[in-house]
Amino acid sequence: MRHSFIDRFANLDSPLHALDARTKLLGFAALIVAILLIPQGRDFIFFSYFFFIAIFAGISQIPLGFIVRRALTILPFIILATLAAPWRGIAGLSTLFLRAILCLIVVIVLTNTTRFVELLRGLRGLGCPQVLASNLGFLYRYLFVLTEEFMQMRQARDCRRVGRAPFRKELAIMGSMLGTLLVRSFEHAERMYKAMLSRGYAGEFPVANPHRFSWPDLVFLLAITLFVWTTFFGFPLPRI
Amino acid sequence: MSEYAVRITRLNYTYPDGCKALDGIDLDVRIGERVGIVGPSGAGKSTLLLHLNGVLMGTGLVRIMGLTLEQKNLQQIRRQVGLVFQDPNDQLFCPTVYEDISFGPMNLGIPAQEIPSRVGKSLLDAGLDQSMGSRTSHHLSLGERKRVALASVLAMDPAILAMDEPMSNLDPRNRRHLIELIAGLPATLILATHEMELVVALCQRTVVMDRGKIWADGSTPDLLGNAELMNSHGLEVPLSLKKN
Chain A
1 MRHSFIDRFA
11 NLDSPLHALD
21 ARTKLLGFAA
31 LIVAILLIPQ
41 GRDFIFFSYF
51 FFIAIFAGIS
61 QIPLGFIVRR
71 ALTILPFIIL
81 ATLAAPWRGI
91 AGLSTLFLRA
101 ILCLIVVIVL
111 TNTTRFVELL
121 RGLRGLGCPQ
131 VLASNLGFLY
141 RYLFVLTEEF
151 MQMRQARDCR
161 RVGRAPFRKE
171 LAIMGSMLGT
181 LLVRSFEHAE
191 RMYKAMLSRG
201 YAGEFPVANP
211 HRFSWPDLVF
221 LLAITLFVWT
231 TFFGFPLPRI
Chain B
241 MSEYAVRITR
251 LNYTYPDGCK
261 ALDGIDLDVR
271 IGERVGIVGP
281 SGAGKSTLLL
291 HLNGVLMGTG
301 LVRIMGLTLE
311 QKNLQQIRRQ
321 VGLVFQDPND
331 QLFCPTVYED
341 ISFGPMNLGI
351 PAQEIPSRVG
361 KSLLDAGLDQ
371 SMGSRTSHHL
381 SLGERKRVAL
391 ASVLAMDPAI
401 LAMDEPMSNL
411 DPRNRRHLIE
421 LIAGLPATLI
431 LATHEMELVV
441 ALCQRTVVMD
451 RGKIWADGST
461 PDLLGNAELM
471 NSHGLEVPLS
481 LKKN
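Sequences listed follow chains A and B, in order.
Number 240 marks the last residue of the first sequence (the working numbering); no jumps.
Number 484 marks the last residue of the second sequence (the working numbering); no jumps.
If you're looking for bench data, these hints aren't it; they were derived computationally from the structure.
Among these hints, one or two may not hold up.
Computed cross-link-like contacts, DSSO-like style, restricted to lysine-lysine with a CA-CA straight-line distance of at most 30 angstroms [to be verified]:
| hint | chain 1 | residue 1 | chain 2 | residue 2 |
| --- | --- | --- | --- | --- |
| 1 | A | K194 | B | K453 |
| 2 | B | K312 | B | K453 |
| 3 | B | K361 | A | K194 |
| 4 | B | K260 | A | K194 |
| 5 | B | K260 | B | K312 |
| 6 | B | K312 | A | K194 |
| 7 | B | K453 | B | K260 |
| 8 | B | K482 | B | K453 |
Restraint ranges, calculated between C-beta atoms of paired labels, are given here [what the hints assert, rightly or not]:
| hint | chain 1 | residue 1 | chain 2 | residue 2 | range |
| --- | --- | --- | --- | --- | --- |
| 9 | A | F144 | B | G282 | 28 to 34 angstroms |
| 10 | B | G282 | A | G125 | 56 to 62 angstroms |
| 11 | A | L139 | B | G306 | 35 to 41 angstroms |
Beta carbons are placed, not taken as given, at the ideal position from N, Cα and C, and that holds for glycine.
Next comes chain A alone, as it looks inside the complex:
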């Protein structure tokens, strides 16, 4: 079975990968908030953000094709969300679209420069409750369990059927498959949890080499702060 991890390129070795997870969470969250606050019709600011984020994407060494493909996967949802607000007019819709796509690229860069467990550790470090962080971790892990169980069931179904059944029958088959999937994945998850407990799991995922806050983190945060400040309030030159 082939799985696609959301942190697929998190093992690369770039300056962005080396930063502390908390720094990236803070910096990229600030960028997202700033993108959401860009006033409508200020296309120049949108493009400046696009280039700024593109610089991070370039530094991260994540393949451009991957970022584009990931962004395209979610494009239909962005278009749907955009069309759901027709009263905004063409300018409003294009702003909404630009905001969504820019935020998405920021998230892609963040999740592919930080391993998921480090991201969770970062969230914990920033005050996120352990229950929430643990649940996010389980959701991520059990998504694979669910996918694998479903793929196996689909293979078993395909092996025993000839041609397609009528639509209603297909629907009934899919319904019973989903029910079975729920029970099977629940049991599988229970067994995995027992295996985790037996290896000392006590509610928190360990991280091999937790990063420490250092001067590159400071440079990263300063760069983002300076950029966001400049795009909203102009370049902060001292007045003489």
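Given chain A's structure and the hints, the job is docking chain B onto it.
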């Protein structure tokens, strides 16, 4: 220091659905001993193993390396008991083999700089290549996954190794390799299985379980060679012990 690795007294366990899985189990295992727990499916073998490191907690007394199994001792006990599950897919849940093997030691608070050498040694002990670390567990063959599951437990350096059906679904070559591997491990071994030849090969002592109870406890050749006992519990005398 206790001379017993495991001391179980009057252990009972009932699953939430009302199924009584363990019924008054008494079992002592000395340090360094190799014990096979045999019995038909549903005998309670796996449930008993899950009690050895507190994944399940029934009523009764369980002592591991002199420590009573209770909440405050759980971390120390889990450091002592390595549990290898029947299905390696249940045991391997991290994106890479390296992370799966390092999961246990990191939970135990082993210093970060010690982790790579532990992972490397466990891979070696489990008969796996060092390059295996970067691979995804789900892409390995069943034999490889079984070994990785074993390596993930060996990395915790357990004093007691509890294995649940370690040979299930393995081809003859992989079975032979795994038997050689387990035979060479220094830990106290508790092996739950219904494969009699495996017990003959690895364990001096055998315990027969059925319907949640222990029915016989003695030397492996005596018990497994007893056709009447074996038949009465849905088991068969292994070929190597059959009298012509």
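Which of the numbered hints above does this structure break?
-> Result: hint 10 breaks, nothing else.
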